[in-house]
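**Q** All chains, please: the whole structure from these sequences, using the hints.
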Amino acid sequence: MSKKILLKNVHNQGQATFDGYVNSGGLLGLKKALKKDPKEVIEEVKNSGLRGRGGAGFPTGVKWGFVPRDTGKPVYLICNADESEPGTFKDRVIMERDPFLMIEGMIIAAYALGSSLSFIYVRGEYSYPYIKTLEAIKEAYSKGMLGKNILGSNFSHEMVLHRGAGAYICGEETGLINSLEGKKGQPRIKPPFPAVKGLYGCPTCVNNVETLAVLPFIFSEGWEAYAALGTEKSKGTKLISASGHINKPGVYEIELGYPLKEFLEVECGGVWKGRKLKAVIPGGSSVPVLRADEIEKVNLDYESLRDAGTMLGSGGFIVLDETADMVEVARNLAHFYAHESCGQCTPCREGGHWVEKVFTRISKGRGVPGDMELVDSMCSQIAGHTICPFGDALVTPAQSLMKKFPEEFKDRILNGSKSTNPLNYELGH
Amino acid sequence: MTDKKFDVCEKRAEEIIAQYPDKHSAVMPLLYLVQEQSGCITEEGILWVSGKIDMAPVHVREVATFYTMYYKKPVGRFHFQVCRTLSCALRGARDVTGYLKERFGLEPGEVSLNGLWSYEEVECLGSCGTAPMCQVNDTFFENLTVEKLGRIVDRIEAKKPNLKLSVLRDEMGDGLQGNPKSEVI
Ligand SMILES: Cc1cc2nc3c(=O)[nH]c(=O)nc-3n(C[C@H](O)[C@H](O)[C@H](O)COP(=O)(O)O)c2cc1C
Ligand code: FES
Chain A
1 MSKKILLKNV HNQGQATFDG YVNSGGLLGL KKALKKDPKE VIEEVKNSGL RGRGGAGFPT
61 GVKWGFVPRD TGKPVYLICN ADESEPGTFK DRVIMERDPF LMIEGMIIAA YALGSSLSFI
121 YVRGEYSYPY IKTLEAIKEA YSKGMLGKNI LGSNFSHEMV LHRGAGAYIC GEETGLINSL
181 EGKKGQPRIK PPFPAVKGLY GCPTCVNNVE TLAVLPFIFS EGWEAYAALG TEKSKGTKLI
241 SASGHINKPG VYEIELGYPL KEFLEVECGG VWKGRKLKAV IPGGSSVPVL RADEIEKVNL
301 DYESLRDAGT MLGSGGFIVL DETADMVEVA RNLAHFYAHE SCGQCTPCRE GGHWVEKVFT
361 RISKGRGVPG DMELVDSMCS QIAGHTICPF GDALVTPAQS LMKKFPEEFK DRILNGSKST
421 NPLNYELGH
Chain W
1001 MTDKKFDVCE KRAEEIIAQY PDKHSAVMPL LYLVQEQSGC ITEEGILWVS GKIDMAPVHV
1061 REVATFYTMY YKKPVGRFHF QVCRTLSCAL RGARDVTGYL KERFGLEPGE VSLNGLWSYE
1121 EVECLGSCGT APMCQVNDTF FENLTVEKLG RIVDRIEAKK PNLKLSVLRD EMGDGLQGNP
1181 KSEVI
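Quick note, the sequences are listed as chains A and W, same order. At position 24 of the first sequence the residue is numbered 24 (the working numbering), and the sequence of numbers has no breaks. Converting from the second sequence to the working numbering requires adding 1000 to each position, the first position being numbered 1.
Do not rely on the hints blindly, as some may be mistaken.
[As the list claims (entries may be wrong)] List of simulated lysine-lysine pairs, DSS-like, C-alpha gap at most 30 Å:
| id | chain 1 | residue 1 | chain 2 | residue 2 |
| --- | --- | --- | --- | --- |
| 1 | W | K1023 | A | K364 |
| 2 | A | K190 | W | K1023 |
| 3 | A | K184 | W | K1072 |
| 4 | A | K357 | W | K1072 |
Read the hints as simulated data drawn from the structure, not as lab findings. From a predicted model like this one, the values you see are computed outputs, not experimental measurements.
**A** Written out as structure tokens, the structure is:
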């Protein structure tokens, strides 16, 4: 398919042990990075074109450049392993199978930022990834990869693994920071941005697991090798979590710019049960849906997906076949967002439940004319009126499903018919 | 405000608190210790945490209620959490819930009289590529069918394995072990 950077070694026996990791070429990048000036490390990450893989796609080196080193306060690095965007399960693969890759990447990032303490915030439900990462951190300490004078250099660094407890919003970086400080995981108003005033009021950089796990390659093979992959603006490779109505769900590493249709047909083995494709949600549940007739010329990269009216997001690729009931899809996702609102901003806390209620009544055959307009007007009062982008994440699937499949919603409202293919138990029995 | 019940956690608690620049950061891991000891978050547990990290009980309580993984009341010895979000729903999550409801004869959140069973529906557990799935205590069971789930419940009933975080090991045997091997291709 294409060059593998992140999944290259995940099938190796013993890859999650220090020796296994070193035998597969591990630590080379860190050794090289530690010989450079931190400024040079940041420059090379900028040159590589690496963009944040947590969803927003912000250039990583540029973000690091925002973190001041001369405030007299400590600088903190946080690895965002909260992975809770529905349809996303890629960071878990790294934590379970190649945790040293993430740890090595974190040490490189910490060196560049001048940070002597970092945290990995792993979602509470990820018990097995937690155990594997914990074992790896312990071993890294015992082998001199963490702690004082890492690999004989002047650089020292400590790492703490912190377990969340079931809250999607802790994936949002300021919600995460509040959670790590021992508070409810409710996002903060920005500015100030975490780079300036983050954890414990100190300069803080939050990066996704996948972003950090790319760094060892950038320094072992050189930023040029990374920048040679992908498209002009979307460099490198991306992990795609493929799920839904396909023959081969799983985590795939693709070179950015890979044609969406080919990915679906070749890697994912096509739509399951010989059925026809209806729609794809390409970047996790919070991005706009694409109809089957819209995927023809689309490639899996930031620009092509943006031009198609959607986003690469976290790379959660959810496929829907012809039997999917789009009212039910909208209701299922509306339930998720209503449940996961942190409750801080009224439009999101209240609006999320209203949106779910209206979709539920349409799905139960009790919709009334004007319901679609009602949802639209609620959405316009939520989006942009909240502290964090969760409000936008809530309205995006709701509005895009109605916009792309209006006849399904209209028909159900007019006929007053119940869903024949309910997605969840409470409506199905 | 200490309680004998948590004496066994003291050493662990000190280690946890020492990891953080600010001891308030230890509230979540300490609440996990409480839950491990008591099965759910109890008032005495909240007071114990409060005393350990000098945080007002009301703030500890606030944290305990914000996060869904802290149980406010006891759950069954085997607590099933079925993912109900889109990717699982598209591949049959409703049958998983339906099976458990029938087999246990319980509503979500209820505990069976023998204290063994309880279940609930939860949101995406990051296992969408192996849908449908459910978590039993701290262990994931993936690529479920009703038939496979039936065998899993039988096995749990017969062997009463420990499916807790501290011992995530292949206790189930016969290819039914829940430890996630994400399907990487
Ligand atoms: C509602 C919401 C949920 C998020 N969830 C996650 C998540 O689970 N994991 C993640 O890495 N980033 C998540 N993010 C993005 C983070 O806020 C942050 O941008 C990211 O961790 C930065 O890392 P990156 O630059 O390496 O992408 C979320 C953002 C929002 C608004
Ligand atoms: S949708 Fe069920 S695990 Fe993600």
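**Q** With reference to the structure, classify each hint as holding or not holding.
**A** So, going through the hints one by one against the coordinates:
1. Distance check on the hinted pair: W:K1023 and A:K364 sit about 50 Å apart at the alpha-carbon level, beyond 30 Å; violated.
2. Pair hint A:K190 plus W:K1023 holds up; C-alpha atoms about 25 Å apart against a cutoff of 30 Å.
3. With a C-alpha separation of about 16 Å, the suggested pair A:K184 and W:K1072 falls inside the 30 Å cut-off, and the hint holds.
4. For a cut-off of 30 Å, the pair hint linking A:K357 to W:K1072 stands: about 26 Å separates their Cα positions.
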